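Undergrad: One letter stands for each residue in the lines below.
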Amino acid sequence: MQLFMQQLVNGLALGSIYALIALGYTMVYGTIRLINFAHGDIFMMGAFLGYFLIAELEMNLFVAMAIVMVSSAILGMVIERIAYKPLRNSTRVAALITAIGVSYFLQNIMIYFLGPEVQAFPSPIETQVFNVFGIIINTKQILVFVVTILMMLILQLIVNRTKMGTAMRAVASDSEAAQLMGINVNTIISFTFALGSSLAGAAGVLYGIYYNSIAPTMGTAPGLKAFIASVVGGIGSIPGAMVGGYLIGLLETIVTFMGGSMYKDAVVYILLIVILLVLPQGLFGKNTREKV
Amino acid sequence: MQRFHTRNYAWTALILLAFLAIYAMVETGIINPFYKITLVTIMLNIIYAVGLNLILGVAGQFSLGHAGFIAIGAYSAAIVTTRYGVAGLPGLLLGMLVGVIISTIVALLVGIPTLRLKGDYLAIATLGVSEIIRVLINNLRDLTNGPAGISGIPIVTDWWLVFIFLALTTILVLNYVYSSQGRATTAINQNEIAAEAMGVNVTKYKVTAFVLGAITASIGGSLQATYLGIVTPNDYTFNRSIDVLIIVVFGGIGSFTGTFVAATILGILNLVLQDYGQLRMVLYAIALILIMIFRPGGLLGDYEFKFGSMVKQWFNKDKKEGAAS
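So the sequences go chain by chain: H and Z.
Using the numbering used here, the letters of the first sequence correspond one by one to residues 1 to 292.
Using the numbering used here, the letters of the second sequence correspond one by one to residues 1 to 325.
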């Protein structure tokens, strides 16, 4: 039981990272119905920028994280402006291919300049270990968990309480009607990308701190997992993305704990398929009927 | 019923001509062994992409799991020829058959439930299935030799065999597309709800297109395995599915002529960029983004090169002129 609880703690830390990335996926899909495959690479770019700020410029962790979030937001907006905006009225597959192109571009430009090797991420905080009722929790896990929860709360506030958030939800439910009501859809889409990308950048830094290693190809696997998390949670739903992220993080650590580390990816995908079959709209999704 | 249309003769002649042209080029050494790899890669990519185009362009369904079906075909051929020692062409054909059967079953298992739903569900489910297939290949060590893959597969496939299967699969797919079932599938793509209201069994045609696409992918996979002589799970990642998807979209979704053109262009582009190392992928990515921005409908849009009809028209014109004079 104690070991199980221990895995729960590990799973929560991993799930936090998935949840943060999943939020960006779900928001972007909710507004423009695009599976943004470059999202995992924004996560990677965030990790590398964090590495540069913390290791080379010896910046304070929280200052570095703030800078990473702002730059990731800008990167996300630039990508949206250059690559996705011209395609807003063409087929969704074309937009998807562009997203894949952006993902390839970010990944390979990093490999071109920095090499494909895994780099060691510095430890900006002292690793202290606490023993709570026999469960070992280290400061990194607490940091990851607390920062994630804080960001999610802020995001919830932005989405539910601010004018921009209301406009975002309006665009997500019907962009044409929103436009008729005087909402500038382009601004809102940019804002959505900025929010999602800043969370992905923060997740990148947290991932670096938690695993101590980063690589140009690190975005792909967590990106896919986060995407699955947002589907499981109900794509377009913010609480769904959080729950999905934690669910997948926990599932992965539990499967590893039970000795099935080889099959941990397969289990995640099986969960995805089961969810699609049983609850096609996801755990928190809305069931919408299509109109003629 | 007239079975022997001028159209069919014209196409057969074109296929034979293309075969002879490549044959001549290979024999005279214009296509040296180095270029031959590119040639075979292009042809294999066309086989994969034609199947995906049926799913994506004709049925309008989004599959991100093509690599999974290619892997099934490749591993079936590899296992049948190495583990069970059925050598030569019979081994390839048997492996191909096994691959086709497994692919059909998997495609039905994934397709029937997910294709009942509307939206991107097939994309997500196929992505999951192809990753599950890869995890299984990685872990069923007794059968698949795990991450190291299977090497030493007897090489039976040469470019001409790939060419024959390319012609066969393309004929199969195109005949389906222009059959009444194919037209029903196109109708679903254009407006699913309207098609359903007209009494088209939406799920049935979507599933049929998906299964056919999976079968052609699997056939291509078997050929690839027996051409290269080695299969590893890393050849069939998500990126492999994306490569095929790129060919389909690049050529123009729904245009089979476009698929041929795009596979050829991308194959040659890959060959040319080979000297640039890592920069190759960067340039490739930039090219991809630019093409999508400036030609979002793909190179050829929905243009179709209808050689048969062209020849037929040409003949008819001759006849009319002959009758007039």
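Source of the hints: derived by calculation from the structure; they are not laboratory data.
Accuracy of the hints is not assured; some may be wrong.
[Claimed, not checked] What follows is a set of in silico ranges between Cβ atoms, one per label pair, in the way DEER data are often shown:
(1) H:212 to Z:174: 27 to 37 Å
(2) Z:277 to H:52: 35 to 45 Å
(3) H:52 to Z:301: 42 to 52 Å
(4) H:81 to Z:199: 20 to 30 Å
(5) H:187 to Z:147: 28 to 38 Å
(6) H:91 to Z:283: 53 to 63 Å
(7) Z:33 to H:85: 14 to 24 Å
(8) H:125 to Z:37: 43 to 53 Å
(9) H:154 to Z:277: 39 to 49 Å
(10) Z:83 to H:211: 35 to 45 Å
(11) H:134 to Z:278: 23 to 33 Å
(12) H:217 to Z:36: 26 to 36 Å
(13) H:62 to Z:201: 17 to 27 Å
[As the list claims (entries may be wrong)] Below, in silico cross-link-like pairs of lysine-lysine (DSSO-like), each with a Cα-Cα straight-line distance of 30 Å or less:
(14) Z:118 to H:85
(15) Z:306 to Z:317
(16) H:264 to Z:317
(17) H:163 to H:264
(18) Z:36 to Z:306
(19) Z:118 to Z:36
[Claimed, not checked] A few chain H positions that, by computed beta-carbon distances, are all more than 12 Å from chain Z:
(20) 12
(21) 82
(22) 106
(23) 134
(24) 227
(25) 232
(26) 272
(27) 281
This one's a predicted model, so the numbers in the text were calculated from it and none came from an experiment.
All C-beta atoms in this analysis are idealised placements derived from N, C-alpha and C, irrespective of residue type, glycine included.
Undergrad: Take the hints in turn and mark each one as holding or not.
TA: Status of the hints after comparison with the structure:
no. : hint                       : verdict
1   : H:212 to Z:174: 27 to 37 Å : violated (54 Å)
2   : Z:277 to H:52: 35 to 45 Å  : violated (24 Å)
3   : H:52 to Z:301: 42 to 52 Å  : holds (44 Å)
4   : H:81 to Z:199: 20 to 30 Å  : violated (46 Å)
5   : H:187 to Z:147: 28 to 38 Å : violated (48 Å)
6   : H:91 to Z:283: 53 to 63 Å  : violated (25 Å)
7   : Z:33 to H:85: 14 to 24 Å   : violated (46 Å)
8   : H:125 to Z:37: 43 to 53 Å  : holds (52 Å)
9   : H:154 to Z:277: 39 to 49 Å : holds (43 Å)
10  : Z:83 to H:211: 35 to 45 Å  : holds (39 Å)
11  : H:134 to Z:278: 23 to 33 Å : violated (49 Å)
12  : H:217 to Z:36: 26 to 36 Å  : holds (31 Å)
13  : H:62 to Z:201: 17 to 27 Å  : violated (59 Å)
14  : Z:118 to H:85              : holds (25 Å)
15  : Z:306 to Z:317             : holds (17 Å)
16  : H:264 to Z:317             : violated (66 Å)
17  : H:163 to H:264             : violated (41 Å)
18  : Z:36 to Z:306              : holds (28 Å)
19  : Z:118 to Z:36              : violated (43 Å)
20  : 12                         : holds (24 Å)
21  : 82                         : violated (8 Å)
22  : 106                        : violated (8 Å)
23  : 134                        : holds (33 Å)
24  : 227                        : violated (8 Å)
25  : 232                        : violated (10 Å)
26  : 272                        : violated (5 Å)
27  : 281                        : violated (9 Å)
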